[in-house]
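Student: Here the protein sequences line up with chains A and B, keeping their order.
Just so we're on the same page, our numbering is the position in the first sequence counted from 1, plus 73.
Just so we're on the same page, our numbering is the position in the second sequence counted from 1, plus 73.
Be a bit skeptical, because a hint or two may be false.
Copies of the same chain are indistinguishable here, so a pair counts whether it falls within one copy or spans any two.
Lysine-lysine pairs mimicking DSBU-like chemistry, simulated, CA-CA at most 35 Å apart [stated by the list, open to error]: (1) Lys-195 <-> Lys-172; (2) Lys-195 <-> Lys-248; (3) Lys-115 <-> Lys-104; (4) Lys-104 <-> Lys-125; (5) Lys-115 <-> Lys-248; (6) Lys-125 <-> Lys-172; (7) Lys-193 <-> Lys-236; (8) Lys-125 <-> Lys-76; (9) Lys-195 <-> Lys-236; (10) Lys-115 <-> Lys-172.
Derived by calculation from the structure, the hints in this document are not laboratory data.
Protein chains: 2
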Amino acid sequence: MKKIYFITSNKGKVLEAQNKFSTINIDIVQKNFGYPEIQAEKLEDVAVFGVKYLQDRINEPFILEDAGLFIDVLNGFPGVYSSYVYHTLGCEGVLLLMKDFNESKRDATFRSVFAYKEPKSKPLFFVGECDGKISTELLGDNGFGYDPIFIPHGSNRTFAQMKTDEKNSFSHRGKSLDKLINNFGKNITI
Amino acid sequence: MKKIYFITSNKGKVLEAQNKFSTINIDIVQKNFGYPEIQAEKLEDVAVFGVKYLQDRINEPFILEDAGLFIDVLNGFPGVYSSYVYHTLGCEGVLLLMKDFNESKRDATFRSVFAYKEPKSKPLFFVGECDGKISTELLGDNGFGYDPIFIPHGSNRTFAQMKTDEKNSFSHRGKSLDKLINNFGKNITI
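The following block holds chain A by itself, in its conformation from the complex (with noise of 0.2 Å):
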């Protein structure tokens, strides 16, 4: 079976693309490698340095993936430091810095960029995207980060509220990871 490095620290990503890969007949194995990540406001960015890092590393197929929640009246806030906003103010200063804003004015998506490296060929990257709505207050047990407080548009629950089955549907990441493998037998070939 044929093989892509997915380099990550993160298990819970390395799952999903394995479920998606595995229809395909390709298996995704999980190297924490660690690469910089840099600052920057696109998501793209992020990726494009992570694989001109890796690329001079890693001799094999490999993708990597950044994600983020972009809330439209916070100029894109939290964005590319999601993670890092998530473990210092955590979901209830977000919910706090949208408390004066209606329902009109809470529009945010999830973003996923997946890129895809292999050996003398130009990464090729996918973006999932996700809109919904910040709800107005934690909502739902389920999954991890930002989940409690995001609404996909087409429904009237969070991330949290919403079994993994039901929430994979509206998902970023699925969306950059179905793209991604669509392209197989198309530009890449292994």
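Let chain A serve as the given structure and place chain B on it in line with the hints.
Tutor: This is chain B only, laid out in the frame that chain A set:
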């Protein structure tokens, strides 16, 4: 006159450094070279990565600096990401996050880290700090960034209510620069 490159896009920082370095007969020359700033919890890590990136590209003595505002009760937020947070949430966003904390819980620290690197020597790092409190409202028109909401210990006014000389007597950047300059003739030869 000996010269040192200051790798920064910030003219204000350059002027502050030129002012200090003129006392020891060293010319500070701005070089808007650009280098990747990584996502990290500590300013020191950002500076270390910057030096590693630049040392292969610049064969002259150079300095760089990173700075941030660390608020105790917000787990150090906005910290290394102070510039990004300023441009997305602004001082108003920080005040909102602090609204339920009384004076005893408004401690914060401005930090500055300078790196000095000359060819064939290990980099040296100099930290300057200014402890203070976050005000409960925007006060003053001078300065920039978080100056209108930061009251340094030893004063009852914000940086933005002070003239430049008074602010500089407290300044984190002034302190890290003083340490750097005091080191000339000890660790550093030019």
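Student: All hints, please: hold or fail.
Tutor: Taking the hints in turn, this is what the structure says about them:
1. Lys-195 <-> Lys-172: neither (44 Å within a copy, 49 Å between copies)
2. Lys-195 <-> Lys-248: within (22 Å within a copy, 46 Å between copies)
3. Lys-115 <-> Lys-104: Close inside one copy (24 Å) and across copies (25 Å); limit 35 Å.
4. Lys-104 <-> Lys-125: both (17 Å within a copy, 24 Å between copies)
5. Lys-115 <-> Lys-248: both (18 Å within a copy, 34 Å between copies)
6. Lys-125 <-> Lys-172: neither (40 Å within a copy, 43 Å between copies)
7. Lys-193 <-> Lys-236: Answer is neither; intra-copy 41 Å and inter-copy 57 Å both fail.
8. Lys-125 <-> Lys-76: For Lys-125 and Lys-76, both the intra-copy (21 Å) and inter-copy (33 Å) Cα distances are at most 35 Å.
9. Lys-195 <-> Lys-236: neither (37 Å within a copy, 53 Å between copies)
10. Lys-115 <-> Lys-172: Classified as both; 26 Å inside a copy, 30 Å across copies.
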